[in-house]
Amino acid sequence: MIRKVRQHINQNEPLVFENSSPGKRGYQLPPLDVPAVDAASALGAKNTREQIEGFPEVSEVEAIRHFTRLSTHNYAIDLGLYPLGSCTMKYNPRVNEQVARIDGLAWGHPYQPESLSQGILEVMGTLERILAEITGMDAVTLQPAAGAHGEFTGILLIRALLESRGNPRKKLLIPDSAHGTNPATAITAGYAVENIKSNDRGMVDIEQLARLVDEDVAALMITNPNTLGVFEENINRIAEILHAKGAMVYMDGANMNALVGIARPGDFGVDVMHLNLHKTFSTPHGGGGPGSGPVAVKKALEPFLPTPRLARAGDQWKWNYDLPQSIGRVRAFYGNIGMHIRALAYIMAHGGAGLRNATMDAVLNANYIRTLVAPYYDLPLNAPSMHECVFSDQRQAKRGVRTGDIAKRLIDYGFHPYTVSFPMIVHGAMMIEPTETESKAELDLFVDALISIAKEVEDDPELVLKAPHNTRTSRVDEVTAARRPIVRWKPRSVASQAAD
Amino acid sequence: MYPANFRYTKEHEWVRVEGDTGVVGITDHAQKELGDIVYVDLPKVGTRIEQGKTLGSVESVKAVSDIYAPVSGEIIEVNDALATAPEKLNEDPHGAAWLVKIKLSAPEETKQLLSAGDYQSYVGAEEAGH
Amino acid sequence: MLSAIGVKSLEDLFSHLPPEVRLGRPLDVAPGKSEYEIVDYFRARGDENANGYASFLGAGVYHHYRPVLVDTVVSRGEFLTSYTPYQAEIAQGTLTTIFEFQTMICQLTGMEVANASMYDGSTAVPEAAMMAMRVTGRDRILVSRTVHPEYREVLATYAQHQGMPVAEFGYQRDAGSLDMADLEKQIDGETAAVIIQSPNFFGIVEDVRRAAEIAHSHGALLVVVFAEAVSLGLLEPPRDADIVAGELQSFAISPSYGGPFAGIIATKEKFMRQMPGRIVGETKDSRGNRAFCLTLATREQHIRREKATSNICTNQALIALMATVFMTVYGKEGLRELAEQNLSKAHYLASQLPLRFSGPFFNEFVATTNGRSPEQVNQALLDQKIIGGLPLKRFYPELDNSMLLCATETSKREKLDAMAEVFGR
Chain A
1 MIRKVRQHIN QNEPLVFENS SPGKRGYQLP PLDVPAVDAA SALGAKNTRE QIEGFPEVSE
61 VEAIRHFTRL STHNYAIDLG LYPLGSCTMK YNPRVNEQVA RIDGLAWGHP YQPESLSQGI
121 LEVMGTLERI LAEITGMDAV TLQPAAGAHG EFTGILLIRA LLESRGNPRK KLLIPDSAHG
181 TNPATAITAG YAVENIKSND RGMVDIEQLA RLVDEDVAAL MITNPNTLGV FEENINRIAE
241 ILHAKGAMVY MDGANMNALV GIARPGDFGV DVMHLNLHKT FSTPHGGGGP GSGPVAVKKA
301 LEPFLPTPRL ARAGDQWKWN YDLPQSIGRV RAFYGNIGMH IRALAYIMAH GGAGLRNATM
361 DAVLNANYIR TLVAPYYDLP LNAPSMHECV FSDQRQAKRG VRTGDIAKRL IDYGFHPYTV
421 SFPMIVHGAM MIEPTETESK AELDLFVDAL ISIAKEVEDD PELVLKAPHN TRTSRVDEVT
481 AARRPIVRWK PRSVASQAAD
Chain B
1 MYPANFRYTK EHEWVRVEGD TGVVGITDHA QKELGDIVYV DLPKVGTRIE QGKTLGSVES
61 VKAVSDIYAP VSGEIIEVND ALATAPEKLN EDPHGAAWLV KIKLSAPEET KQLLSAGDYQ
121 SYVGAEEAGH
Chain C
1 MLSAIGVKSL EDLFSHLPPE VRLGRPLDVA PGKSEYEIVD YFRARGDENA NGYASFLGAG
61 VYHHYRPVLV DTVVSRGEFL TSYTPYQAEI AQGTLTTIFE FQTMICQLTG MEVANASMYD
121 GSTAVPEAAM MAMRVTGRDR ILVSRTVHPE YREVLATYAQ HQGMPVAEFG YQRDAGSLDM
181 ADLEKQIDGE TAAVIIQSPN FFGIVEDVRR AAEIAHSHGA LLVVVFAEAV SLGLLEPPRD
241 ADIVAGELQS FAISPSYGGP FAGIIATKEK FMRQMPGRIV GETKDSRGNR AFCLTLATRE
301 QHIRREKATS NICTNQALIA LMATVFMTVY GKEGLRELAE QNLSKAHYLA SQLPLRFSGP
361 FFNEFVATTN GRSPEQVNQA LLDQKIIGGL PLKRFYPELD NSMLLCATET SKREKLDAMA
421 EVFGR
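Residue numbers (the numbering used here), protein chains in the order written: chain A, 1 to 500; chain B, 1 to 130; chain C, 1 to 425.
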C-alpha cells in the first residue's frame, strides 16, 4: 500500500521561450543619471549586436509562475527521504541560507582591501581550523570548488611532494569500488591508474596491495568507509604498506558522514584528503552544485598547498602569496566562500558533541534499514555497514526486474530512489544512505515500500517494470535523447526546417 | 545465427573477407550485451590499424565499449549511415550495420580468428557463465 | 531501533572499528549554538567587512543589482535541496531549467551548444584548452596576456602535468588589445588553441574575427573567454570562436568574496562530444509527452572513468538557475538596457580620468595615477568610503601607476563624481 503520497493537481508549463511575447519585460531599471553613450560609436558598429535572438520576453508574474510551476516537478529533501548512497542527502538548514546572504559577507569583493575583509577571513580561518580538527590533519585549503576539484588538488600536492624528493612516480592505485572521479582525476594529474580488486568482504585485498606497491606507485586513492559502506578495517596496515615504499595515502572524503567525531583519517595514516561540504556539512546540493571540496593535509604536504594561503599577521588575517613550493592556483580567488559560511553555520549549530551524534544517528539509520530490508533483498556482503548499505537485485532479477526498475517503482511510493548500479563491483547494486536526518517514521515508510515492491516483483513484475505510474512524467526515453541529441530549444520554424 | 563465411574474435567482432578487403562489424551477441546503441565512434578513411588494437567504440546510454580490430590494414570505407542511425547496430549487426572496410595488410591473420561454430560455442559458454 | 538491529547501544554499531583508529576524546569544537547565536555571530562578521562603501572594483567580479525574483526562486526547497537530476521522472524542474539555461547561453554567445555549467570561469579555461587538444590532436596552447591573470594561473596549474605547453602572447601597449603580430609570430602547426578574452582583462573589446582568422589559418581553434557576461547584452557575440568559456557571476550572483560562481563552455555542434560537463537533452516520456534528461553521459567520469573528457562531477546547477532567472527577468530588452547603462556609466567616469589605453571598452578601463601610486589614490578614496580600483602592477609589472576601474548600473553619479574628484587632486 502506498501511504506517503497521493496524486494532486500539477500544472503544465511550456518553455520560457514558448511563453514569450515581443516587448514583454519583467524588470525596471532606474533612469540613467549620466549622459547616454551610443554603443555603436563607443565600441564600433561591427562590435555591437542588434538584439539577442530568441531571448525570453515575459512579465514578472509570468516569470515567477514559470519557475514555481517547474519547481513542483522536482523531488527534494524538503519533501522527504532522499537515500542516494554516497551522496549524503541530509537536511539543509535554512539558517545557513540566511547567514550566507548577510550583506557584508555576500557582497564582499575578492580584491577589496584585506583590512575590510577581516570578517570573511575570520570565517574561513575558523573553518580551516575546525576541518583540521575533524580530519586530524595539519593544514587545510578551502580553494577547491568541489569534491573532484579537491581530488585533483590533492593528487597535485602528492606529485609536488614526491617531485621535491626527486621522483614524482608513475601511477596511482585505485580500488575497483572507487568513485569514477578518482581514475579521471589521476589522468588529469598525469598519473596512470592501476585497479585493485576488492576482497569478498568488500575491502582492499592486503596481499594484492603489498604485491602492487613499488617505487612506481605515487599513492593509493582510497575511500573510507568505502562505497560499499564498509570501513577498511586494515587501514593502518594499508597505510604502512604505502609509506614503507615512500608512497602516500589519499582519502576520498565522500563518506566522512560515517566518521566525524568517531575516527579521524589523520590518525589512521591518511596523508591528504578532500571533504565535500555539500555532503558531510549540509550545504545544499542545489540540483547539482555548487559544491566545495576543501583539502586537508599532513605537515609534509603543507608547503605545496594552492596559492594564496590564509595567514595571521599580528591581530589581522591576510593572504600570503609568498609560497615558492605551491602547486599554484586551482581556481580564481579563494574558493566557494558562500559554501564555507554555510558549513561553518552547520558546525556551530551542532558543536563537537552534536557532530558526533549526527554520525551515530546516520550509522544507526543505515543499519536499521539494512536489518529490516535484508529478508527481502540480497545482501551481497555481510561486513558491518557504516552510514550506508548496499543490496543487490539478484533475487528480483530472476523475475526480470532490475535495480533500475525497483528504483523507478520507489518513486510511486513517494521516495527518491537509492543510488542505482553503483558501486560497479556489486552486480545490480542498490546503494542506500539515509543520513541522520530521517526519523524512524520516514524510515519505516521507506522500508515498507521496499518490502511491498519485493512482493510486487513476485506477483506482478510488469507493474514494477513499467514504473513509475503516478508521476506527471512517465519513464523517460534516454535512448532517443542520446541517439539524436537536442540540447537547445529552437523556434518551431527553424526546428522544422532543420528536420526537412 | 552466426554466418559461416565470417571469422570472429573473442572480443565479439566479426570480419568478412572479400578479395583483399575485410568488412568488419560487431556480433549479434555484442549488440545484445550492449543494449540500445546510441553512438558509434569510428576512425577516418586512411587510418592504418593493427590487429587487436582499438578501432573505435560503441556507446549505449550508460556504457562505452571499445571495438578491437580483427585484422590489420588501412581503413578504406566507413559506414557513415551509423552516425545518424546507430540503432541499425541493434537491428542488423551482421548486415547493414557493418562498421568499416579494411584493405588487408596481412590476410593470413584471419586464420587465427574463430570460425562461426567456435564462436557460437564460445558465446554459449560465456552466456552459461553468467 | 537498536533492538530491531540487535545491538544494545549506539556504541555497538562501531565496535568493529579497530580501537587504534577511534578518536578517544571529544572533538575540540565549541558546543552547539542556537539559531539566534549563529545569526548574531555571522552578522558580527559581516560588520567587520566593507559595509556601506561604494566600490569600483571589477576584474572578474562585478557588482550588479540582483532582481528579487532570483532569490525567491532559488530559495524554493524543490530547487535548493534536490540532487543532480539522474532520476528524470522526478527532476523535470531542474532538467527543464537547465535546458533553458543551455539555450540562453547559446543565444547569448552565438554558439550552437552549451553545457549545464562549470565551476567558474577560471576552471572553464583549462577545460576549454583540454577540449581543444582532444579536437585537434595537438597539444600547444597560446594564451593572450590580456586574459584574466588568475585564469591564466589556473590554466598553468592544469597544464603542467598534461603535456600541454602553454605560451603567452602580448598586447599592444597603446591600445591595450591583442598584439596580432605577436600572435602570428608565435602560432605554429602544433598549436591546439588560441585563447583570448573579450572584453579583455583591461575592459577592452578585442577583434575576435581577426584572432579567429589567424588561429584557423594554422588549424588551431579559437577559444574566447568572457568574464563580464553583461557585456553580451550589447556586444556582437563571438560567433567566430570554436569554443566560448565564460563566467556568469554578473548574472545575479553575489560576489561572495570570490565564489561560488558558475562558468560555461559553449561550442559548435560538431565538437559537442568533446565538450566536458553535464548536458541536458530533450526527449519524450513513455506517454509521448516532452521530457528532458541528462544525455551524452558516456563522456563523463562516472562511466568512462580514466578515459573521461574531464574529472568534473558537479556542475553549478543552482548558480546556473540564478543566471537563468536573471536572464528571464531582464530578457531581450532588459539585458540590452542594462548593458547600455553599464557602458554609459563607465564612459562617464572614464571621460574625467587619464586613460592608459586607447582601445574601445565596455564597463572597465585602466586609468593612470599620475604622480601618485595607485595605493595612495585608493587610500584617499577609502577616506571617502570609496573602494577604488585594482592596482595592476601585481599582475603586470610594466603597468605601475595604473589601476583597473569598473562602473556598473549600481554606480551612482555622485559617487562617480566623487571618484573623479579624488583622482584628479
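Mixed in with the good hints, there may be bad ones.
[Unchecked claim] If you want a taste of the chain C side facing chain A, the calculated C-beta under 8 Å gives, among others:
| hint | residue |
| --- | --- |
| 1 | 28 |
| 2 | 45 |
| 3 | 89 |
| 4 | 151 |
| 5 | 258 |
| 6 | 318 |
| 7 | 325 |
| 8 | 334 |
| 9 | 358 |
| 10 | 370 |
| 11 | 371 |
| 12 | 383 |
| 13 | 386 |
| 14 | 418 |
[Unchecked claim] Subject to a maximum C-alpha distance of 30 Å in a straight line, what follows is the list of computed DSSO-like cross-link-like pairs (lysine-lysine):
| hint | chain 1 | residue 1 | chain 2 | residue 2 |
| --- | --- | --- | --- | --- |
| 15 | A | 466 | B | 103 |
| 16 | A | 170 | A | 245 |
| 17 | A | 490 | C | 185 |
| 18 | A | 490 | C | 8 |
| 19 | A | 440 | C | 8 |
| 20 | B | 32 | A | 197 |
| 21 | B | 10 | A | 455 |
Calculated from the structure, these hints are not laboratory results. The beta-carbon is built from N, C-alpha and C at its ideal position, and this holds for glycine as well.
Hints and how they fare:
1. 28: holds (5 Å)
2. 45: OK, holds: residue 45 of chain C within 8 Å of chain A, min 4 Å.
3. 89: With Cβ-Cβ at 5 Å, under 8 Å, it holds.
4. 151: holds (6 Å)
5. 258: holds (3 Å)
6. 318: holds (3 Å)
7. 325: It holds, given that the least Cβ distance between residue 325 of chain C and chain A is near 6 Å, below 8 Å.
8. 334: holds (4 Å)
9. 358: violated (13 Å)
10. 370: With Cβ-Cβ at 22 Å, over 8 Å, it is violated.
11. 371: For residue 371 of chain C, the interface hint is violated, since the closest Cβ of chain A sits about 22 Å away, which is over 8 Å.
12. 383: violated (13 Å)
13. 386: violated (11 Å)
14. 418: Constraint on residue 418 of chain C not satisfied, violated at 14 Å.
15. A/466 with B/103: At roughly 47 Å apart (the allowed maximum being 30 Å), residue 103 of chain B and residue 466 of chain A break the hint.
16. A/170 with A/245: Holds: residue 170 of chain A and residue 245 of chain A sit about 14 Å apart, inside 30 Å.
17. A/490 with C/185: violated (41 Å)
18. A/490 with C/8: violated (62 Å)
19. A/440 with C/8: holds (17 Å)
20. B/32 with A/197: holds (27 Å)
21. B/10 with A/455: violated (40 Å)
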